[in-house]
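Those sequence lines, one after another, are chains X and F. Numbering-wise (the working numbering), the first sequence opens with residue 454 and increments by one. Numbering-wise (the working numbering), the second sequence opens with residue 84 and increments by one.
These are calculated hints, taken from the structure and not from any lab test. All residues carry an ideal CB built from backbone N, CA and C; glycine is no exception. Hints are not guaranteed to be accurate.
What the hints assert, rightly or not - Using 30 angstroms as the maximum straight-line C-alpha spacing, the simulated BS3-like pairs for lysine-lysine come out as follows:
id, chain 1, residue 1, chain 2, residue 2
1, F, 345, X, 472
2, F, 286, X, 656
3, X, 511, F, 345
4, F, 360, X, 528
5, X, 511, F, 269
6, F, 365, X, 568
7, F, 93, F, 269
What the hints assert, rightly or not - According to the in silico footprint, chain F covers these stretches of chain X (three or more CB under 8 angstroms from chain F):
id, stretch
8, 560 to 572
9, 688 to 702
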Amino acid sequence: MIFAGIDIGSITAKAAIIKDNQLISTHVLFTGYNTLTASQKVFEELLSKVNISKNEVKTIISTGYGRNSVDFADKALTEIICHGAGAHFLNPEIRGIIDVGGQDSKAILLDNNGKVTNFSMNDKCAAGTGRFLEVMARALELDLDLLGEISLKADTPANISSICTVFAESEVISMIAKQEKRENIIAGIHESAAARIATLAAKIKIQEPVMMTGGVAKNIGMVKALENRLKCQILVTDSAQENGAIGAAVLASTL
Amino acid sequence: MNDKLVEKEKQKITSAKKMRDIMTTYYIDAMSAKENNKLVAWITSGGPVEPLIAMDIIPVYPENHGAMIGSSKMGEDLCMKAEDMGYSNDLCSYARTDISCAIVKGGPIGGLPEPDMLICCNNICGTVLKWYEIQARFFNVPLFIFDTPVCHTEFSPEIAKYVRTQIDEYIAFLEKVTKKSFDHDKMAEVGKISYQGQLLWQKVLNTTANRPSPMTAFDAFFFLALIVTLRGTMIAVDFYKELLLEMKERIKNGISIVPNEKYRLLWDNLPIWYQLKWLSSKFSDHDACLVADTYTSAWCSSLKYIDENDFLNSIAEGYTRIYLNIGVDQMADQVIEMIKFYNIDGFVMHSNRSCKPYSFGQLDIKRIVESKANIPVLMIEADMTDPRAFSQSQVETRIDAFMEIINQGK
Ligand code: SF4
């Protein structure tokens with residue numbers, strides 16, 4: 454039997470398909486202005502990629518901040534539960550999840566059945582989210598995807614003291630003016646974001662093994678900075694960004 | 084009417100209308116105090132109001148007014164006016180709205196009637212001290228400060244003596260301002276009535292221990308107004324008697340407030356006044372009923388220290404040991420007691436940007452509750468009257484996830 458999960462985030466829309474308990478494929482698109490259109494498009498493109506027709510999909514669960522606008526889904530669930538289910542599906546050992554997406558970052562605690570027992574989220578503040586990194590990449594006139602690799606060359610990470618994204622951006626701009634090395638600035642940005650996220654993890658007393666999910670997990674510099682902060686190894690799968698959609702598909706199969 | 088509407092009508096609490104009428108009359112009386120040669124005292128919500136009633140002074144509560152401003156979604160504008168005057172946006176939004184309202188006469192009732200005196204009791208917070216000092220200067224009226232030290236662990240003999248002395252000073256202050264002598268017999272009578280009112284309020288709140296619950300904390304937030312503003316009068320006693328009867332009747336007939344009550348939640352901190360409707364339907368969509376809260380019970384939680392036959396002596400302890408004036412461990416104990424009594428499945432904490440004494444120990448209380456009561460706890464950040472501190476989609480995700488966790492655990 455075939456099940457689908459659709460995760461509409463603030464920046465990207467993700468879809469995943471599961472057949473007979475196996476992950477078949479996933480797909481990612483930019484969300485854009487219209488969340489419903491994005492959800493239809495990401496779903497249809499994924500279906501045609503794997504040659505499955507809509508009628509074959511038994512149940513669909515939507516998640517992400519745009520979850521309630523996906524009118525063709527059978528049910529909407531939050532990212533928290535879906536990331537829990539996704540991580541557990543990919544690796545049943547996982548007890549802690551750090552999910553960093555476009556506008557939210559969260560720490561999630563799982564029990565050994567993959568059920569979420571606790572979570573904490575950033576509040577009304579973009580510090581420590583994908584948006585924070587995006588703003589910084591723009592200030593540095595760099596492609597977001599390059600931040601991770603470049604930061605690995607840093608010798609002494611710059612010290613970014615402002616928590617506020619807007620103030621941190623002006624700090625970065627003045628560092629650029631002082632000709633601070635780019636890699637050091639980026640490493641500093643990662644440390645600043647990691648410090649924010651680590652507080653969320655501490656709030657729920659995160660447990661190992663820890664997996665990082667969400668788009669920001671693709672940034673190796675962020676993962677390293679978090680590993681330093683949390684003093685533990687962090688697992689990242691190839692489908693970290695689609696983890697929420699995978700979880701939604703997993704949960705769809707249990708409905 | 085179709086079936087759904089009939090069902091909805093049945094679910095409504097009929098006493099609500101009466102309560103609205105009582106509050107209207109109360110504010111009309113207060114507004115026309117001058118014409119009726121009556122004095123008006125502004126008093127903090129947790130202040131000892133009974134001596135005022137005994138002296139026939141009309142008590143007016145800026146905090147109740149703040150709640151009205153919040154519910155009518157006029158908080159943002161009034162807060163900003165106070166900020167224009169130079170007040171920090173970190174200041175409690177009740178203080179901000181009250182200070183600006185005194186000048187612009189805004190809000191749903193065009194401002195409060197001007198005070199002849201101010202009574203400030205700091206058993207709720209330290210903010211009220213400066214707030215009332217500012218208003219005393221603005222209106223040029225006498226201010227009485229009733230100082231209740233925080234009782235972290237016990238009500239020591241030193242505290243007892245210190246607070247008791249102030250009751251005499253309070254009475255002397257009232258005699259001086261009114262130029263009348265204090266009637267102790269009347270006071271004894273008012274004391275008994277106040278005690279009765281609080282007892283009835285407690286009984287009303289207790290009815291929600293029934294499954295399904297006949298009312299929610301959202302209703303309690305509304306019905307609370309009388310025990311705050313008309314405590315010590317027969318109006319409150321009579322009303323709560325009726326309300327209690329209605330609740331018992333609902334229980335008897337199996338009328339629940341949330342149609343399919345599945346989960347029972349406890350609320351902490353002040354309500355988010357401008358979002359009551361949205362929050363209430365959000366929870367009810369999840370078949371969850373907010374059956375109780377730590378806020379409305381604050382007006383009866385120290386009843387055990389009060390002796391109705393020795394009212395003036397015993398209120399020293401009663402007014403000092405209220406929920407916001409005790410240690411975090413004791414607060415957590417009360418929360419855990421409530422969790423047991425009301426059979427609670429989850430605890431929702433409003434981290435309130437305005438109210439520091441209420442929000443300061445919340446993370447500790449959260450940890451204690453999680454470990455001792457073993458139920459999920461949710462923390463949402465907002466402010467009771469200033470909507471700029473509230474973000475709906477973020478709160479929505481948290482509530483949805485919280486309900487999913489409770490549901491998973493069932
Ligand atoms: S700080 Fe809290 S207790 Fe003090 S007036 Fe404001 S809301 Fe009330």
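The hints, checked one at a time:
At most 30 angstroms may separate the alpha-carbon atoms for a hinted pair to count; residue 345 (chain F) and residue 472 (chain X) exceed this at roughly 33 angstroms. Using a Cα cut-off of 30 angstroms, the hinted pair residue 286 (chain F) and residue 656 (chain X) is violated, with the two alpha carbons roughly 37 angstroms apart. With a CA separation close to 28 angstroms, the supplied pair residue 511 (chain X) and residue 345 (chain F) stays within the 30 angstroms bound. Proposed proximity of residue 360 (chain F) and residue 528 (chain X) is supported: the alpha carbons are some 24 angstroms apart, at most 30 angstroms.
Of the pairs offered as hints, the one joining residue 511 (chain X) and residue 269 (chain F) is violated, with about 74 angstroms between alpha carbons and a cut-off of 30 angstroms exceeded. For the hint pairing residue 365 (chain F) with residue 568 (chain X), the CA-to-CA distance comes to about 23 angstroms; that is within 30 angstroms, so the pair holds. Restraint check for residue 93 (chain F) and residue 269 (chain F): the C-alpha separation of about 42 angstroms exceeds 30 angstroms, so the hint is violated. By the rule of at least three residues with a Cβ nearer than 8 angstroms to a Cβ of chain F, the coverage given for the stretch 560 to 572 of chain X holds, with 5 such residues.
Given as covered by chain F, the stretch 688 to 702 of chain X fails the check, having 0 residues with a CB less than 8 angstroms from a CB of that chain where 3 are the minimum.
When held up to the earlier numbered hints, the structure conflicts with 1, 2, 5, 7, 9 and fits the remainder.
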